[in-house]
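There are 2 protein chains.
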Amino acid sequence: MANPTFTYSLNCPMPELDFDAITLGHGSGGLLTNRLLDSGVFSLFKNEKLQQRHDGVILKPKGPIAFTTDSYVVSPIFFPGGNIGDLAINGTVNDLAMCGAKPRYLSLSFILEEGLPLAEFWEILLTIEHAAKKARIEVVTGDTKVVDRGKGDKIFINTTGIGDVLPQGKINIKRVEVGDAILVSHSIAHHGMAIMLEREGLKFEAPIFSDSRPVHVAVEHLIEQFGKDIKLLRDPTRGGVATVLNEICAQANLGAELHQNALPIDAVVASACEILGIDPLYVANEGVFIAIVKNSIAAEVVSHLAKFPGCERATIIGHMTNEHPKKVLMESGIGGRRVINMLAGEQLPRIC
Amino acid sequence: MANPTFTYSLNCPMPELDFDAITLGHGSGGLLTNRLLDSGVFSLFKNEKLQQRHDGVILKPKGPIAFTTDSYVVSPIFFPGGNIGDLAINGTVNDLAMCGAKPRYLSLSFILEEGLPLAEFWEILLTIEHAAKKARIEVVTGDTKVVDRGKGDKIFINTTGIGDVLPQGKINIKRVEVGDAILVSHSIAHHGMAIMLEREGLKFEAPIFSDSRPVHVAVEHLIEQFGKDIKLLRDPTRGGVATVLNEICAQANLGAELHQNALPIDAVVASACEILGIDPLYVANEGVFIAIVKNSIAAEVVSHLAKFPGCERATIIGHMTNEHPKKVLMESGIGGRRVINMLAGEQLPRIC
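Residue numbers (this note's numbering), protein chains in the order written: chain A, 249 to 600; chain B, 249 to 600.
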């Protein structure tokens, strides 16, 4: 559905099977589960570890690892710029990157609703395979469950990731200090607005695509280049930039001072937000990260970042301060300051 | 309900909150999510790693690790002998054990349906905490999503586990040979029958409880004691003993010869199966494992196993053979032999 990057499915036709939708039997663990796996998952994700078809897999990490989990329940499952499949890969890849780790291994667990068309499942599998390859992460173990019609919503995906911690880095909230610069890696609010417009059937002058993408290559470069001066990394997904900064301030017992004019927002996203009365600071992102870095290297970090696709609009958006601990304040273009609270209710459910 | 072991909730009252059911806002990633986590999860699972509240956690494994994932969608969520919470812990703990690993770390991811009573969520959290403590596995990272009413079914849980591979062991399907003994660790078919009776509201002369329990202590002992002579471990969950043995035979390119009279089945389970016309070989277990061991040590393994709670009825149920590759045959009490196929359709959906 309107994913501009999704053309490879044409080259990889769906296997011919004698069923065209998921049934409860596909979650039985028996013959039908095995046929589903043989036809789809195992033919796409060919690797020695999955081939063993044990309940789990043996891995041999060489040092400290990062470990992160997320369940994806986004609705609709197909949206401009991606689908639940690549979102589930990119989201977990990015969480590993936020730990200062190089993504390595992934578990993949499906909760399918009875009646899910096999064609949709196949398209999701293809994007998963594509996204995993792109992020150089290996799907090494998995699980498939089926729930009866009306007890799920097409497909939920859990991905749990393991990454190798980059030895040059030292990502830790305790290292954040007064004066540190707050960077954002790219223009914000794309993912949430793309989902919202798709869900509500709204059209704007130009389409808005989700920013669902992996950011680990840029992150690895930053850590290799700047080491411990990269102090904290967080991805502003649910709750957006505002919520993540509030969490950082609460945990660091410091304040954040933002400059509204510095926030990178695409014109089409900004006008969609304005028309719908939505503050882009609270809108979910899926390919953007916040970095707290030593102030003296901030400008250099920005110019390094800007070389990576998807980080072209990297910007310093503010600084850490001790003037108003646990509070995020934003200075507007005309000089006023307002408190940016954590997201209170639910702006847009099931964004990821 | 009717879980005979669940009394500790009385000693750990639910936190007082101004909401009594899950709302969409609890999945927002914002203030409500934080309040839910502060009130419940984080007060129960106190450990340094979770306290960091990052997107992931850093772990330092000392050698090879096992990695396994499962999503739990069991219905009903409370059943005689347990609930979805301890099932999600025991299931993943047992999958790690089946890899020959000592369970260490767990990720915990919830998909909650809007409207889930907080009291039920709290009871599930308490059993999770209890089961994790019992299995000495640490919950180190997590995720909470909420879906709108009618788009989920109360609660789904993904647990993904990491364990340290026991160096004395060498669990591998390739090591299974002709003549190896097939052991089952305890009486079978409890979990599936407990769920079925609860779901259908059927009552028998004596209640049937799920066998949901961790088996890793017995497994660790076996591997320490018998090392590489323990060749393969599998837990017969979905699809039961029949399906697991078929998978083993297919992968090992060998056959299995079972003795019907040797199968340990409790009288009440056997009669429930008979009345309902269900073959206990296809019924799911959650606290039983199959071990393929060198025949010469099989009797000794059984006598070791029988000392562990939940393994008292450990038995040799058959042997591996090359006479009928990829086929499981069972000899009946009166001498006949029949083929035991893999589970074909779906006997009982959403068993785990």
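It should be emphasised that the hints constitute simulated quantities derived from the structure, not laboratory data.
These numbers come from a predicted model, not from an experiment.
Note that the Cβ used here is the ideal one computed from N, Cα and C, for glycine as well.
Among the clues, some could well be false.
[Unchecked claim] Covered, in the sense of this in silico footprint (three residues per stretch, anywhere, with C-beta under 8 Å from a C-beta of chain B), are these stretches of chain A:
| no. | stretch |
| --- | --- |
| 1 | 337-346 |
| 2 | 395-407 |
| 3 | 537-543 |
| 4 | 568-581 |
[What the hints assert, rightly or not] No farther apart than 27 Å at their CA atoms in a straight line, the calculated lysine-lysine pairs in the DSSO-like style are these:
| no. | chain 1 | residue 1 | chain 2 | residue 2 |
| --- | --- | --- | --- | --- |
| 5 | B | Lys310 | A | Lys297 |
| 6 | A | Lys418 | B | Lys575 |
| 7 | A | Lys350 | B | Lys555 |
| 8 | B | Lys294 | A | Lys422 |
| 9 | A | Lys308 | B | Lys418 |
| 10 | A | Lys297 | B | Lys555 |
| 11 | B | Lys297 | B | Lys381 |
| 12 | B | Lys476 | B | Lys555 |
| 13 | A | Lys308 | A | Lys350 |
Each hint tested on the structure:
no.	hint	result
1	337-346	holds (count 3)
2	395-407	holds (count 8)
3	537-543	violated (count 0)
4	568-581	violated (count 0)
5	Lys310/B <-> Lys297/A	holds, 20 Å
6	Lys418/A <-> Lys575/B	violated, 54 Å
7	Lys350/A <-> Lys555/B	violated, 44 Å
8	Lys294/B <-> Lys422/A	holds, 19 Å
9	Lys308/A <-> Lys418/B	holds, 15 Å
10	Lys297/A <-> Lys555/B	violated, 34 Å
11	Lys297/B <-> Lys381/B	holds, 16 Å
12	Lys476/B <-> Lys555/B	holds, 21 Å
13	Lys308/A <-> Lys350/A	holds, 15 Å
In this structure, the hints that do not hold are numbers 3, 4, 6, 7, 10, in rising order.
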